[in-house]
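K.L.:
Here are the chains, one letter per residue:
4 protein chains.
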Amino acid sequence: MNKKESALILITCPDRQGISAAVTAFLYKNRGNIIDIDQHVDRKASLYFMRVKWDLDGFKLEKDNIKSTFQKEIADRFKMHWELYFTNKKSKMAIFVSSYTHCLYEILACAKARFWNVDIPLIISNHKELKGVAETFGVEFKHIPKTKEDKKEKEKQELKLLKKCKIDFIVLARYMQIFSDDFIKNFPNSIINIHHSFLPAFPGANPYHSAFKKGVKIIGATSHYITKVLDEGPIIEQDIIRVSHRDNVEDLIRKGQDLEKIVLSRAIWYHMNRMIVVHGNRTIVFR
Amino acid sequence: MNKKESALILITCPDRQGISAAVTAFLYKNRGNIIDIDQHVDRKASLYFMRVKWDLDGFKLEKDNIKSTFQKEIADRFKMHWELYFTNKKSKMAIFVSSYTHCLYEILACAKARFWNVDIPLIISNHKELKGVAETFGVEFKHIPKTKEDKKEKEKQELKLLKKCKIDFIVLARYMQIFSDDFIKNFPNSIINIHHSFLPAFPGANPYHSAFKKGVKIIGATSHYITKVLDEGPIIEQDIIRVSHRDNVEDLIRKGQDLEKIVLSRAIWYHMNRMIVVHGNRTIVFR
Amino acid sequence: MNKKESALILITCPDRQGISAAVTAFLYKNRGNIIDIDQHVDRKASLYFMRVKWDLDGFKLEKDNIKSTFQKEIADRFKMHWELYFTNKKSKMAIFVSSYTHCLYEILACAKARFWNVDIPLIISNHKELKGVAETFGVEFKHIPKTKEDKKEKEKQELKLLKKCKIDFIVLARYMQIFSDDFIKNFPNSIINIHHSFLPAFPGANPYHSAFKKGVKIIGATSHYITKVLDEGPIIEQDIIRVSHRDNVEDLIRKGQDLEKIVLSRAIWYHMNRMIVVHGNRTIVFR
Amino acid sequence: MNKKESALILITCPDRQGISAAVTAFLYKNRGNIIDIDQHVDRKASLYFMRVKWDLDGFKLEKDNIKSTFQKEIADRFKMHWELYFTNKKSKMAIFVSSYTHCLYEILACAKARFWNVDIPLIISNHKELKGVAETFGVEFKHIPKTKEDKKEKEKQELKLLKKCKIDFIVLARYMQIFSDDFIKNFPNSIINIHHSFLPAFPGANPYHSAFKKGVKIIGATSHYITKVLDEGPIIEQDIIRVSHRDNVEDLIRKGQDLEKIVLSRAIWYHMNRMIVVHGNRTIVFR
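Chains as they are written, first to last, in the numbering used here: chain A, 583 to 869; chain B, 583 to 869; chain C, 583 to 869; chain D, 583 to 869.
Because the hints were derived from the structure by calculation, they are not lab data.
Fair warning: this is a prediction, and the values are worked out from it, not measured in the lab.
The reader is advised that the hints may include incorrect statements.
The list cannot tell twin chains apart, which means a pair is met if one copy fits it or any two copies do.
[What the hints assert, rightly or not] Simulated crosslink set (BS3-like; lysine-lysine; CA at most 27 Å straight-line): (1) K611 to K661; (2) K626 to K796; (3) K767 to K796; (4) K728 to K674; (5) K837 to K674; (6) K746 to K674; (7) K611 to K654; (8) K767 to K746; (9) K671 to K837; (10) K837 to K586; (11) K626 to K661; (12) K674 to K645; (13) K694 to K837; (14) K795 to K767; (15) K837 to K672; (16) K795 to K626; (17) K748 to K733; (18) K642 to K611; (19) K642 to K626; (20) K626 to K837.
So here's chain A without its partners, still in its complex pose (with noise of 0.2 Å):
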């Protein structure tokens, strides 16, 4: 993996000519060793999308000064929205669960093994059953359990939470909770949940017994974006695997949970190393 610090700038813009040319060049002037460069333009929405990654390495400007320069020779010109990161900055992620343990497990692992690069401080839970997981892999586990009466007010406890971790993003590893959108927009496009169907087929609860009366030949899981509505968030990986009539519902579930926690895996991956933009409903995955 790269050891050297990158830079990467994620953006948004209204389409017209000369972005391209003029990112480029600014990167250019500066010296900058371009690493990878991606862009996509929604000619129907007028909209132009750049993921853009160098070297740090012989880069001319201060880290410190990158922001303000770009603003102020680029973004401001073109009406980016944008985002700079240092790949060097590790994320800060935290886990919501309930109690299965597929998802759970396969994060933790993931996170342990070389590839990510990321940082678990928090878990928390509505159950109290995978606190032996949490602690197995070091990290804090809090139990917060909720009911419809005092769920607004547990909420608020974990933003306190998520707030003094410092959490960049939050993973829903089969969390069987409704956030309120009071909750959510404290973390837009940052709530990356699984939903085990091929939405927007079966949305809502048990998709897997509804897959099976339905008789489908197939079944699918979905990792997206949280949003206001339920099932409804920007998608970001799906993925599915053959079905028949042999298999009962236990079997599309077992089978599903494999296809949950390695969707859910990819969707991390994406999120993490900042491969994603989003407009709209619809996501951009540059990869």
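Keeping the supplied structure of chain A fixed, place chains B, C and D upon it in accordance with the hints.
P.N.:
Just chains B, C and D, lined up with the frame of chain A:
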């Protein structure tokens, strides 16, 4: 391929002990050499399904006597719903098509190749464009345009043609018309449709546009039997292909058409080889 | 899952008329309620394969008498090679691992979840790194490093441990050592390996590097039984994932590890549930 | 589809700072509206690859001057190997085929449908069988049988025909003849073959028989450019389908033929739309 003649029985009946034993004993007693045997039990519905195929070479019963003998000795006892087929008898298939060529070419090319065991005496279309394709392959082409007003009458005309050609089953190779219940009743579980989405996602018109709008990362195609309710019949086969933000609606259509023809072609294969049992709104595909 | 106890028979024998009839009649006579029945005939080799599973609840034969009765009444007559299993008896599995964590976590997490019916009393490794993981899951960890010189002796030590723990089958969760023929003889068709390529492409060392060099558009993983010849044993399961020019070797490894663990996990599932019959260098997987 | 004329440049050159900036500045200066831009850097080989497409509508340079201007202002400076294409100019494709129909029908049907932007003036075959198919689609058919002895002479005859028809690239739609190096030299990276296996597994003759014998659980197809070494040319596209013990060699062939045609068809799409850069024995497919 098998050139020797085989017989094949498809069975549905209430589940109880001894069905497999009775059927296999019947075949053994009559010197039937079993080529293939598949069974499935739906425990919830307490239903038993079986497909068994055997060489007629050396079989002690005359072809004409198999039906009545099996009915008397086995089927009555287990209250079977069952059907008998002989593999040397080619099925007769009619194609309904509007103006897309991809599924039509696929089917006609497959039927010409050595694998398919089917006759296609008739193509019916509500447009004139594909007459040339039909003629190329030596298949009779009937142009039967329909309006809301004359639909019932036109369907009568179609049924007459289908009867005249002794059609066993119908394939809708992207046929943009909805049949009346009266028409469908004449071909129960014998009208195969291809829908250009991963059902139950995106039923109805313009699924590729809806998929694009939704921002899915995978598109699909679904082949199913036509029933009264649009796009709700028993699913025979499904498959998918990955898409990305780079794909516009045109790309989805192009990629999807490859899927459509392959999925439809597989569904026809299963139907043609009597591999499908329908049970409620689900299929058992013995493959 | 089935909590009632079931019995299961796996049969290989020369093909002839009447085998299915005889086996099903035997079960029917003894009031065995068949849950699942699968058969396959290899026409070229003229071999018959069967897997049949039935409820012991209400079965007239005592568990201890099934073996001798079936042998006498059925197996002798058809010259069967066959084995009898009881689903309530958990298999005992040992894991061999070197230093990669992904397959180990996958297996241990699956074994903890509710689906798997297996005991894992022993992990053996030629490295020390994964001791902590083993302890976390409460599994005994034995560190047995090997050199060319002491391999034979170390294998004896391993065999002793395996015997002591009454191990039924071994899983090599990325174990970077080759076993001697003498070792393998002790576990015929019972050592499951995961190879990180789509065999027979890229056998041996560094398949991801070779795949990258070759410029393939898809990479794979293969789970197979270990035999004398390296990477040549009967294939149990394979799967693939797309790659592109954007993926460097590190990316292939990362994507491939997701595959490896899933493919290995499926192979274990088939083995654990006695769904596999090996015939020459091929497997029949009844699923 | 784009009806406006576009221009497209494919670039390979040594990697250094400023290439993207220079190319995009060149287009911007000349009022070129970029439709699509892709780049890739092979860090190991220190090579830079780019594909850029822009509207000619409003572009300040005359079509006839683009080549020399870009060469002088940009290409010389960066030592580029590059090519310029205009999307309104249809490629001319020749098909070589022996006697299988599946790939031929696929290609001809695709070429008739609205998506493909290609002319097919010529089909060459070493057999006579498919003459009728060619005529059906209005394509000239040349029967050129070959023996070991007259191969060189026949290839000269073929080259003459290809030249006369101004053929840009050749598709081998299951053509069972090996070309001489002399022939291949005339169409560098412009002869597209389909091999009926997942290369590098099962090169050479009878891959389906080998796959069956090996007992693989997945079969594949590979489309690649023809080079001197048989089945070793740069891979353009691959795909796979699952098989099981139930599938005999005939089934593998049937399932495989569906794959072959789809994979070949995708490879043609990439080539036709100038999405491919070849680098050593690998392809960069900008899609």
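K.L.:
Each hint should be assessed against the structure and marked as holding or not.
P.N.:
Status of each hint after checking the structure:
no.	hint	in the structure
1	K611 to K661	both (21 Å within a copy, 21 Å between copies)
2	K626 to K796	between (36 Å within a copy, 15 Å between copies)
3	K767 to K796	between (36 Å within a copy, 22 Å between copies)
4	K728 to K674	within (24 Å within a copy, 40 Å between copies)
5	K837 to K674	between (30 Å within a copy, 23 Å between copies)
6	K746 to K674	within (11 Å within a copy, 46 Å between copies)
7	K611 to K654	both (15 Å within a copy, 22 Å between copies)
8	K767 to K746	within (17 Å within a copy, 58 Å between copies)
9	K671 to K837	between (36 Å within a copy, 23 Å between copies)
10	K837 to K586	between (40 Å within a copy, 23 Å between copies)
11	K626 to K661	within (18 Å within a copy, 37 Å between copies)
12	K674 to K645	within (21 Å within a copy, 52 Å between copies)
13	K694 to K837	both (25 Å within a copy, 16 Å between copies)
14	K795 to K767	between (36 Å within a copy, 24 Å between copies)
15	K837 to K672	between (33 Å within a copy, 21 Å between copies)
16	K795 to K626	between (39 Å within a copy, 11 Å between copies)
17	K748 to K733	within (22 Å within a copy, 51 Å between copies)
18	K642 to K611	both (9 Å within a copy, 26 Å between copies)
19	K642 to K626	between (38 Å within a copy, 25 Å between copies)
20	K626 to K837	between (39 Å within a copy, 20 Å between copies)
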